[in-house]
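Trainee: Top to bottom, those sequences are chains A and F. Here UniProt numbering is used: the first residue of the first sequence is 1, the next is one more, and so on. Here UniProt numbering is used: the first residue of the second sequence is 1, the next is one more, and so on.
Any given hint could be a false lead.
Just so you know, same-sequence chains aren't split out, so a pair can sit in one copy or run between any two.
Unchecked claim - Lysine-lysine pairs mimicking BS3-like chemistry, simulated, CA-CA at most 30 angstroms apart:
| no. | residue 1 | residue 2 |
| --- | --- | --- |
| 1 | 155 | 114 |
| 2 | 76 | 9 |
| 3 | 74 | 95 |
| 4 | 181 | 155 |
Simulated from the structure, these hints should not be mistaken for laboratory data. Predicted model, so just to flag it, every value in this text is computed and none were measured.
Listed below, chain by chain, are the residues.
There are 2 protein chains.
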Amino acid sequence: MDLNDRQHKIIEIVREEAPITGEQIAEKLNVTRATLRPDLTILTMSGFLEARPRVGYFYTGQTSGTILSEEIKKLKVKEFQSLPVVISGSASAYKAVCEMFVEDVGSLFVVDDKGLLAGVISRKDLLRTAIGSQDMNQVPVNVIMSRMPNIAYCKNNDSVLDVAVLLITKEIDAVPVVQAKDTGFEVIGRMTKTNITKAFVSLSSGESNKF
Amino acid sequence: MDLNDRQHKIIEIVREEAPITGEQIAEKLNVTRATLRPDLTILTMSGFLEARPRVGYFYTGQTSGTILSEEIKKLKVKEFQSLPVVISGSASAYKAVCEMFVEDVGSLFVVDDKGLLAGVISRKDLLRTAIGSQDMNQVPVNVIMSRMPNIAYCKNNDSVLDVAVLLITKEIDAVPVVQAKDTGFEVIGRMTKTNITKAFVSLSSGESNKF
Numbered sequence: 001m002d003l004n005d006r007q008h009k010i011i012e013i014v015r016e017e018a019p020i021t022g023e024q025i026a027e028k029l030n031v032t033r034a035t036l037r038p039d040l041t042i043l044t045m046s047g048f049l050e051a052r053p054r055v056g057y058f059y060t061g062q063t064s065g066t067i068l069s070e071e072i073k074k075l076k077v078k079e080f081q082s083l084p085v086v087i088s089g090s091a092s093a094y095k096a097v098c099e100m101f102v103e104d105v106g107s108l109f110v111v112d113d114k115g116l117l118a119g120v121i122s123r124k125d126l127l128r129t130a131i132g133s134q135d136m137n138q139v140p141v142n143v144i145m146s147r148m149p150n151i152a153y154c155k156n157n158d159s160v161l162d163v164a165v166l167l168i169t170k171e172i173d174a175v176p177v178v179q180a181k182d183t184g185f186e187v188i189g190r191m192t193k194t195n196i197t198k199a200f201v202s203l204s205s206g207e208s209n210k211f
Numbered sequence: 001m002d003l004n005d006r007q008h009k010i011i012e013i014v015r016e017e018a019p020i021t022g023e024q025i026a027e028k029l030n031v032t033r034a035t036l037r038p039d040l041t042i043l044t045m046s047g048f049l050e051a052r053p054r055v056g057y058f059y060t061g062q063t064s065g066t067i068l069s070e071e072i073k074k075l076k077v078k079e080f081q082s083l084p085v086v087i088s089g090s091a092s093a094y095k096a097v098c099e100m101f102v103e104d105v106g107s108l109f110v111v112d113d114k115g116l117l118a119g120v121i122s123r124k125d126l127l128r129t130a131i132g133s134q135d136m137n138q139v140p141v142n143v144i145m146s147r148m149p150n151i152a153y154c155k156n157n158d159s160v161l162d163v164a165v166l167l168i169t170k171e172i173d174a175v176p177v178v179q180a181k182d183t184g185f186e187v188i189g190r191m192t193k194t195n196i197t198k199a200f201v202s203l204s205s206g207e208s209n210k211f
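Please take these sequences and the hints and turn them into a complete structure.
Mentor: As structure tokens, this is what we get:
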């Protein structure tokens with residue numbers, strides 16, 4: 001929300017002199033207590049200030065950013081995740097490339113014979129192999145994939161924000177959405193920078209998951 | 001921002017019966033006008049309702065989403081763009097792959113001999129070539145690139161949101177940030193889904209460009 005100049009000044013005053021009463025703030029700003037009432041109401045109700053009866057106003061430390069941040073943290077992976085595309089570790093790198101083009105994805109999740117997560121393979125991994133001297137038909141996916149347990153993943157109840165931070169800090173494009181099983185993880189979804197970009201757009205349109 | 005139950009009810013009432021006075025709203029909710037004053041103040045100042053003197057309250061059609069959306073539209077490309085990585089159209093596909101690995105980017109912008117934007121080449125384009133029967137050392141970039149004028153681009157004063165929508169609708173990972181010249185576009189930056197993901201994270205932290 002956009003605060004006006006006087007509201008910014010009030011926050012400044014409270015930040016420096018809390019606890020401070022409405023009367024005292026009014027005096028400093030050279031206006032009446034009545035003039036100030038709407039400003040103090042909006043600052044209190046929107047979370048910038050806290051009012052304690054018979055004591056005065058305190059600064060909560062919240063900013064427009066932290067209030068916005070509450071909205072963002074409400075977005076969950078399950079609202080934005082895509083379907084996962086999986087491949088067997090024994091498939092060839094050539095087959096993996098074809099699968100990527102057919103499914104139009106940038107990462108495949110590699111599963112073992114029980115259907116549990118074993119690795120991840122990206123366009124970058126395949127491009128590295130392709131310009132090497134090996135025959136793409138002879139190299140199996142499980143030789144060039146990133147493998148468990150060195151794989152970042154998320155749960156469908158995680159926030160989109162946590163996944164965004166994970167993708168940025170690990171410098172990867174996608175993580176599997178998993179569900180824990182006795183002996184490993186079942187892959188139930190896919191979260192990529194595309195999904196984060198869609199979440200970003202949906203925030204602005206006021207709907208979640210508009211795509 | 002989080003509205004309380006009574007504030008939601010007030011919006012509902014005004015939406016159905018506008019214009020309506022504060023007195024009339026108070027009556028409907030069975031509370032005094034004084035009780036309602038802080039709610040009406042916050043709803044007006046945060047943009048949900050509009051108050052016209054001697055007429056009453058109107059519903060602006062804004063929602064938490066549209067208010068949030070104002071914050072998001074303030075994020076500009078210039079705060080989040082990365083440095084562009086360019087390559088000559090006569091370079092080989094093999095050289096383009098190497099360049100991508102050295103610079104750790106997913107797209108290169110192809111420039112002509114005047115340094116103006118001629119095309120874009122992605123990991124996907126190169127992977128397609130790599131599994132084909134051609135020799136990567138013999139295929140020049142300008143044979144496999146997407147070329148002007150069929151290239152999406154943006155200006156550094158555009159909003160990050162516009163670029164996010166562009167990337168989603170065109171199903172691409174990156175666009176060049178350009179500056180118009182007499183005979184074409186100079187490439188001055190790069191906006192990718194990674195930059196959008198960083199913008200998403202920065203929104204929640206209340207700072208722009210924290211990376």
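Trainee: Please go over all the hints and tell whether each is borne out by the structure.
Mentor: Here's how the hints hold up against the structure:
1. 155 with 114: within (20 angstroms within a copy, 49 angstroms between copies)
2. 76 with 9: Classified as between; 27 angstroms across copies, 36 angstroms inside a copy.
3. 74 with 95: So residue 74 and residue 95 fail the 30 angstroms test inside a copy (39 angstroms) and across (44 angstroms) alike.
4. 181 with 155: within (13 angstroms within a copy, 48 angstroms between copies)
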